[in-house]
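**Student:** Residues per chain are reported as follows:
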Amino acid sequence: MSQDFVLETQSLTKEFKGFTAVDDVNLQVQRGHIHALIGPNGAGKTTCFNLLTKFLTPTRGTILFNGKDITHSSPTDIAKMGMVRSFQISAVFPHLTVMDNVRIALQRKLGTSFHFWKSDKSLDVLNDRAMELLEEVDLGKWADTITVEMPYGRKRALELATTLALEPELMLLDEPTQGMGHEDVERVMHLIKKVSAGRTILMVEHNLHVVSSLSDRITVLQRGAVLTEGPYEEVSQNPDVREAYMGSEAA
Amino acid sequence: MTTQTLDSSAMDKSVSKNRMLYAVLLFLGLVAPLAIYPVFLMKVLCFALFACAFNLMLGYGGLLSFGHAAFLATGGYITGHVVMQWGVTPEIGILIGTLCSAAMGFVFGKLAIRRQGIYFAMITLALSQLVFFLYVQAPFTGGENGLQGIPRGELFGVISLADNMPMYYFVFAIFVLGFALIHRTIHSPFGQILKAIRENEPRAVSLGYDVDKYKLVAFVISAGLAGLAGSTKSLVFQLSSLTDAHWHMSGEVILMTLLGGVGTIFGPVVGAATVVTLQNYLSQGPLASWVPVILGLIFVICVLIFRSGIVGEIQKFAKKNFS
Ligand SMILES: Nc1ncnc2c1ncn2[C@@H]1O[C@H](COP(=O)(O)OP(=O)(O)O)[C@@H](O)[C@H]1O
Ligand SMILES: [Mg+2]
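Those sequence lines, one after another, are chains A and B. For the first sequence, position 222 (counting from the first letter as 1) is numbered 222 according to this note's numbering, and the numbering increases by one without interruption. Count along the second sequence starting at 1, add 251, and that's the number in this note's numbering.
For the record, the hints were derived by calculation from the structure and aren't laboratory data. The reader is advised that the hints may include incorrect statements.
Unchecked claim - Simulated crosslink set (DSS-like; lysine-lysine; CA at most 25 angstroms straight-line):
| # | chain 1 | residue 1 | chain 2 | residue 2 |
| --- | --- | --- | --- | --- |
| 1 | B | Lys446 | A | Lys68 |
| 2 | A | Lys109 | A | Lys68 |
| 3 | A | Lys80 | A | Lys109 |
| 4 | A | Lys80 | A | Lys68 |
| 5 | A | Lys118 | B | Lys570 |
| 6 | B | Lys464 | A | Lys109 |
| 7 | B | Lys446 | A | Lys109 |
| 8 | B | Lys570 | A | Lys80 |
| 9 | A | Lys141 | B | Lys570 |
| 10 | A | Lys121 | B | Lys464 |
| 11 | A | Lys80 | B | Lys464 |
| 12 | B | Lys268 | A | Lys80 |
| 13 | A | Lys141 | B | Lys464 |
| 14 | B | Lys268 | A | Lys121 |
| 15 | B | Lys464 | A | Lys118 |
What you are looking at is a predicted structure, and each value in this text was computed from that prediction instead of being measured.
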């Protein structure tokens with residue numbers, strides 16, 4: 001059974017000084033799916049991501065990745081196993097070039113990242129692959145730009161390219177279209193669709209248009225607990241959901 | 252977007268410009284003792300290396316150590332001790348001193364690196380104070396008197412360093428080696444990750460980098476090079492004393508680095524030269540007792556107005572006007 005699921009949590013709980021931010025969450029993410037995690041602000045979505053990638057330690061509960069218990073693994077090990085996250089606030093290396101951002105991710109598998117005596121020219125073997133990744137997210141023209149000078153939407157695209165560089169089995173995206181104009185949202189949406197081939201994506205997303213067109217399955221969180229779960233059609237008909245979350249936004 | 256795009260010919264041009272600069276500086280370093288008192292130059296070089304080592308940690312690792320005096324002093328004491336007691340040649344003495352400082356750096360790093368910002372600074376300060384009191388008590392440091400009359404000895408057992416000229420070229424060679432190592436470290440695969448960690452630590456973690464290990468390696472290199480500076484200095488002045496272990500020294504290296512420009516490769520060299528020159532000239536005149544006040548004022552002005560330091564401001568100016 002657990003073979004079908006890339007990621008599974010059992011009674012995942014996080015308490016902050018008596019306040020329960022994530023409450024007994026049982027989440028199952030099926031291999032190959034785009035799985036959306038939605039819910040009002042403060043519902044515990046980001047905290048959930050922090051738990052899954054061990055940026056926070058769960059108070060209780062178990063996390064299984066490919067059936068393996070990773071509840072006590074370090075964030076670094078989890079990334080190495082193939083679960084890579086992005087952040088709600090854009091996560092780039094602002095004063096490095098766009099190309100260097102992607103190379104940082106690619107560089108790990110060369111196994112020379114502790115070699116302080118080697119020239120950084122030895123990293124040039126990664127340039128072709130880095131360029132490929134940048135082209136994939138339409139950033140080829142920006143390769144030599146210092147990242148901080150790019151518009152916001154482009155930075156988020158760069159984040160995707162950097163995450164993709166690790167060829168993760170499971171990508172966690174925290175509000176990838178947050179704060180974007182309409183055109184950027186469309187572009188990022190297509191990007192996510194494109195890169196979802198051959199991998200699993202778990203994403204937090206507020207934009208219901210994005211959620212409805214991309215996701216295979218949706219989990220709704222409210223005050224830290226799972227309100228309901230299912231495909232969009234089902235979830236969007238649920239009266240609790242309509243009231244708690246979609247009521248104001250959904251037609 | 253075109254403003255920041257470097258085409259490859261512009262890149263080549265800046266590389267060859269850098270080469271020219273290094274060649275000129277190397278030449279100046281070689282002829283300098285013909286015009287300037289070599290002992291003064293050696294003092295500048297030792298402190299410049301010390302500040303460069305410190306800068307690797309603050310400017311590229313993003314960690315402010317307030318305990319680098321411990322490494323400077325350890326290099327000096329150990330080198331002085333083994334040269335005097337075991338009679339080893341100067342290069343072996345320096346090597347042993349450097350390794351001991353690096354080992355101490357490993358211990359400090361292990362204890363401090365998990366902490367960030369002010370906590371990191373406080374733990375390194377506390378540890379270096381521990382080392383200071385250890386050196387006050389330990390028999391091999393000579394207590395308040397320090398180690399005096401350390402022989403400069405013969406390089407490789409052949410070349411006498413008793414005269415200032417050969418000593419100068421030996422010190423210059425050490426400085427160039429240390430500087431080259433720092434330069435390479437910054438421009439290495441390791442340096443790339445270090446920069447990534449400084450830029451966005453959580454992101455580096457999420458990409459699978461064990462950031463504490465990278466910081467630890469940087470700290471050990473930094474401590475080792477600070478020790479190299481201390482070891483060399485103890486042979487130049489034939490003296491190792493508690494002054495080097497005092498927290499004032501940890502503060503002074505911060506001043507030198509900030510004054511010159513943190514995170515720039517030449518900043519610490521310029522900062523060290525400025526501070527040492529000021530100390531030397533002022534301490535001979537009527538302002539002698541005002542030296543700490545003057546340095547403090549410079550520090551305040553630097554922090555308030557010239558935030559990127561001398562070299563940083565020059566770079567900014569050049570970028571604005573010539574590119
Ligand atoms: N480190 C923390 N310490 C205390 N409370 C926190 C912490 N992180 C998040 N919270 C609280 O947990 C709740 C869930 O936050 P979050 O996971 O960011 O929500 P979402 O991403 O769904 O908007 C919020 O009420 C927030 O204030
Ligand atoms: Mg959030």
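**Student:** Against this structure, judge whether each hint is valid.
**Tutor:** Outcome of the hint check:
1. At roughly 33 angstroms between alpha-carbon atoms, B:Lys446 and A:Lys68 are farther apart than 25 angstroms, so this suggested pair is violated.
2. For the given pair, A:Lys109 sits about 23 angstroms from A:Lys68 by alpha-carbon distance, which is consistent with the 25 angstroms threshold.
3. As the CA atoms of A:Lys80 and A:Lys109 are separated by approximately 10 angstroms, the hinted pair is consistent with the 25 angstroms bound.
4. The straight-line distance between the Cα atoms of A:Lys80 and A:Lys68 is roughly 14 angstroms, inside the 25 angstroms bound, and the hint therefore holds.
5. Taking the CA atoms of A:Lys118 and B:Lys570, the gap is about 29 angstroms. The hint is violated against a cut of 25 angstroms.
6. Proximity of B:Lys464 to A:Lys109 is assessed by CA-CA distance (about 17 angstroms); at most 25 angstroms being required, the pair is judged to hold.
7. With a C-alpha separation of about 18 angstroms, the suggested pairing of B:Lys446 with A:Lys109 holds against the 25 angstroms cut-off.
8. With a CA separation close to 40 angstroms, the supplied pair B:Lys570 and A:Lys80 exceeds the 25 angstroms bound.
9. The straight-line distance between the Cα atoms of A:Lys141 and B:Lys570 is roughly 23 angstroms, inside the 25 angstroms bound, and the hint therefore holds.
10. Only pairs whose Cα atoms come within 25 angstroms are accepted, and A:Lys121 paired with B:Lys464 is accepted, the gap being roughly 23 angstroms.
11. For the suggested pair A:Lys80 and B:Lys464, the alpha carbons sit about 15 angstroms apart, so the restraint of at most 25 angstroms is met.
12. Of the supplied pair hints, the one linking B:Lys268 and A:Lys80 is violated, its CA atoms being roughly 41 angstroms apart against a limit of 25 angstroms.
13. Between A:Lys141 and B:Lys464 the alpha-carbon distance is near 35 angstroms, which puts this suggested pair outside the 25 angstroms criterion.
14. At most 25 angstroms may separate the alpha-carbon atoms for a hinted pair to count; B:Lys268 and A:Lys121 meet this at roughly 18 angstroms.
15. Among the hinted pairs, B:Lys464 with A:Lys118 is consistent with the structure: their alpha-carbon atoms are about 18 angstroms apart, no more than 25 angstroms.
Hint compliance for this structure: hints 1, 5, 8, 12, 13 are broken, all remaining hints hold.
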